[in-house]
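On the provided structure of chain A, position chain B as indicated by the hints.
There are 2 protein chains.
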Amino acid sequence: MEIKIAVDAMGGDNAPGEIVRGCALALPEFPVSLTLVGKTDVINAELGRNKLDLSRVTVAEAPEVIGFDESPTAALRQKKGSSLAVGLGLLKDGAAGAFVSAGSTGALLAGATLSVGRIKGVERPVLATLLPCGNPTGVGCGYVLLIDCGANVDCKPSYLAQFAQMGSLYAENMLGVKSPRVGLVNVGTEREKGSALVKEAYALLESSGLNFTGNAEASDIPRGKIDVAVCDGFTGNVILKFAEGFSKAMMSEIKGTLMSSVPGKLGGLLAGSSFKKIKKKFDPAEVGGAPFLGLNALVVKAHGGSDANAIRNAIRQCCLFIEKDLTKKMENNINHGGSAPKPPQGASAP
Amino acid sequence: MEIKIAVDAMGGDNAPGEIVRGCALALPEFPVSLTLVGKTDVINAELGRNKLDLSRVTVAEAPEVIGFDESPTAALRQKKGSSLAVGLGLLKDGAAGAFVSAGSTGALLAGATLSVGRIKGVERPVLATLLPCGNPTGVGCGYVLLIDCGANVDCKPSYLAQFAQMGSLYAENMLGVKSPRVGLVNVGTEREKGSALVKEAYALLESSGLNFTGNAEASDIPRGKIDVAVCDGFTGNVILKFAEGFSKAMMSEIKGTLMSSVPGKLGGLLAGSSFKKIKKKFDPAEVGGAPFLGLNALVVKAHGGSDANAIRNAIRQCCLFIEKDLTKKMENNINHGGSAPKPPQGASAP
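As you go down the protein sequences, you meet chains A and B in turn.
With our numbering applied, the first sequence covers 171 to 520.
With our numbering applied, the second sequence covers 171 to 520.
Treat the hints as calculated values from the structure; they're not laboratory data.
These numbers come from a predicted model, not from an experiment.
Heads up, some of the hints might be wrong.
Note: identical chains are not told apart, hence a pair may lie in one copy or across any two.
[What the hints assert, rightly or not] Below, in silico cross-link-like pairs of lysine-lysine (DSS-like), each with a Cα-Cα straight-line distance of 30 Å or less: (1) Lys446 <-> Lys418; (2) Lys435 <-> Lys363; (3) Lys290 <-> Lys363; (4) Lys369 <-> Lys249; (5) Lys221 <-> Lys447; (6) Lys418 <-> Lys348; (7) Lys450 <-> Lys418; (8) Lys447 <-> Lys326; (9) Lys418 <-> Lys447; (10) Lys435 <-> Lys418; (11) Lys369 <-> Lys499; (12) Lys250 <-> Lys363; (13) Lys221 <-> Lys451; (14) Lys290 <-> Lys451; (15) Lys451 <-> Lys425; (16) Lys425 <-> Lys447; (17) Lys363 <-> Lys262; (18) Lys250 <-> Lys446; (19) Lys209 <-> Lys425.
Bound conformation, chain A alone (with noise of 0.2 Å):
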């Protein structure tokens, strides 16, 4: 089976080179044909630079870009012609199974709801993302799904109960964890701790069916000692981007540390393929992209940054989620109003 994915070759700082690059990547790797949605002759152009098996590949014009700086809304309503919205036509019509951008995270939330829809039942789309972690009791895959990492600011419990399911579904299933352990974000592991909103929430998780391991402090999550990161949008928005910029003032302290005495430069000069992999391994731009979970259809958000390896990762990511049907397994497994227990798995007619 050949997995049709579209791909926005103008959103984010590197588009289109990187983007065009990241597919060029993926076409020997994954069994997929590519849609690039964008200016014709600038993608054009790039294709003529990229060895790319031309079979697998075609162009949807679309003549306008939505900037980051741009009013979610507003740019969905006046530029119909933009990248991510001839993309999430694509992906409406069927004509392609998932969507990636590197655009404004905004407005492809919003276009991506109102195009695509939410699955019956999700109360509200979340963007999910994975930070890496360490795992010191091997039980965990090094790295935790951090759920909702920016797509609503104020959240209701029963959302939170909603991220939990779908995160532990993209768990499962994306990364190969057994029954994942789902934790409450909060600011200290007992019961009675937290605001108003994570102490409705854990009653909400506690009778979910899901492995909820109770309250979580934010330094359980570099360590590993949860798989699924549950909170709202606001705190794992700050988290995500904490993480970025604090991963690297660290390596930049530690460059310039080591640049700063003989010892220590000879020190960095042969440790210097460790401190790439470290770099690599810490940077979350290297995820590839975060997926909005609860919607009928595939939609990845590549970091605004991405490089072309990151949209390569974000097209294996499309594969993986399409060949697992998770679309499918969410339908089947979300709570229909919030806070029954679930229905049993593959109830739903194919």
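Relative to the frame of chain A, chain B by itself:
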């Protein structure tokens, strides 16, 4: 002038040994007299193990200890003889000008608010801590003050405006930062971004007379783009704990990766002292203590895992705070009502 400081000898994971050792480090360095609060026989045994100028040390008997897992209010009611309650009593009576404890944050906050009381006009006392950061422009001081980092999990916009005022005063006086750059922690820099809470707080901060630089993404904190990061206590606690866990995970990953190859091992050996420096800088526990601001006297929460050096640093912080007469400055500067412009500094009688 000798500064009188009460120190909870029983609070924290490493009490009383590291606490008393910290006092021994502080005494030759700072113009203080110290009252060690706790079980007299236990403290005396520790005093016997260390060289201290005993003419500047007294012991205040407190037979009980409040544990980390106890309910703060219940523990305070039941354990009138706890080191925490006795220490706060010394502060209330004026027998000490500051109190340092590595014990339960919740009990310390509840106890301090009850016994010492809030500064008139302060809506909520707040916990502030210093996070290490880069300083690429040379404008900052290598640290960002994170306020609130855990005292108030549910906040009103007016609380955040007051946190900003208190944080700005702290940064100016304690860190020597002129006109501190105050940022509101948010999911994006654009004015219209964020939760209902931060949107309202934004408007209050704009008219605060502070050097409000607008919304700050969490990545701006480690980058050192602001001096004071204002947020609710849930968000701040998540940032603080995440930073702790993340820096530990990263250092352990670095160690593991270096040790897995011969050049890495050699490089790590050569650069050993550089690594120690970096580890120290990026471990938030190294800062020594987080002050509660907005109370009528200084209470410093030392990290639960504080070692002697952390306690010494907490005592240093108390000295500077009292020398700068910061409680009085807060009294004079705080907005009575939350959003009125601040009165001229030094307006009240001494």
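Evaluation of the provided hints:
1. Proximity of lysine 446 and lysine 418 under a CA criterion of 30 Å is satisfied in both settings, with 12 Å inside one chain copy and 18 Å between copies.
2. For the identical chains of this complex, lysine 435 and lysine 363 are neighbours neither inside a copy (47 Å) nor across copies (43 Å), given an alpha-carbon limit of 30 Å.
3. Taking CA atoms no more than 30 Å apart as the test, lysine 290 paired with lysine 363 passes between copies only; the shortest distance there is 28 Å, against 33 Å inside one copy.
4. For a Cα distance limit of 30 Å, the shortest separation of lysine 369 from lysine 249 across copies, 27 Å, qualifies, whereas the shortest one inside one copy, 42 Å, does not.
5. For the homomeric pair lysine 221 and lysine 447, the shortest alpha-carbon distance inside one copy (28 Å) is at most 30 Å, but the shortest distance between copies (47 Å) is not.
6. Proximity of lysine 418 to lysine 348 under the C-alpha cut-off of 30 Å is restricted to the inter-copy arrangement: shortest distance 27 Å between copies versus 32 Å within a copy.
7. Taking CA atoms no more than 30 Å apart as the test, lysine 450 paired with lysine 418 passes in both settings, with 11 Å inside one copy and 17 Å between copies.
8. In this homomeric assembly, lysine 447 and lysine 326 never come within 30 Å of each other (Cα to Cα): the closest approach is 39 Å inside a single copy and 43 Å across copies.
9. Taking the shortest Cα distances, lysine 418 and lysine 447 sit within 30 Å of each other both inside one copy (14 Å) and across copies (17 Å).
10. Taking the shortest alpha-carbon separations for lysine 435 and lysine 418, both the intra-copy value of 19 Å and the inter-copy value of 23 Å come in at or below 30 Å.
11. For the homomeric pair lysine 369 and lysine 499, the shortest alpha-carbon distance inside one copy (28 Å) is at most 30 Å, but the shortest distance between copies (37 Å) is not.
12. Proximity of lysine 250 and lysine 363 under a CA criterion of 30 Å is satisfied inter-copy only: 24 Å between copies versus 47 Å inside one chain copy.
13. When the C-alpha separation of lysine 221 and lysine 451 is checked against a cutoff of 30 Å, the pair qualifies only within one copy, where the shortest distance is 28 Å, while the shortest distance between copies is 47 Å.
14. Taking the shortest alpha-carbon separations for lysine 290 and lysine 451, neither the intra-copy value of 36 Å nor the inter-copy value of 49 Å comes in at or below 30 Å.
15. Proximity of lysine 451 to lysine 425 under the C-alpha cut-off of 30 Å is found in both arrangements, the shortest distances being 17 Å within a copy and 14 Å between copies.
16. Taking the closest pair of Cα atoms, lysine 425 and lysine 447 come within 30 Å of each other both inside a single copy (14 Å) and across two copies (12 Å).
17. In this assembly of identical chains, lysine 363 and lysine 262 lie within 30 Å of each other by CA distance solely across copies; the values are 28 Å between and 43 Å within a copy.
18. In this homomeric assembly, lysine 250 and lysine 446 never come within 30 Å of each other (Cα to Cα): the closest approach is 42 Å inside a single copy and 55 Å across copies.
19. Taking the closest pair of Cα atoms, lysine 209 and lysine 425 never come within 30 Å of each other, the shortest separation being 41 Å inside a single copy and 47 Å across copies.
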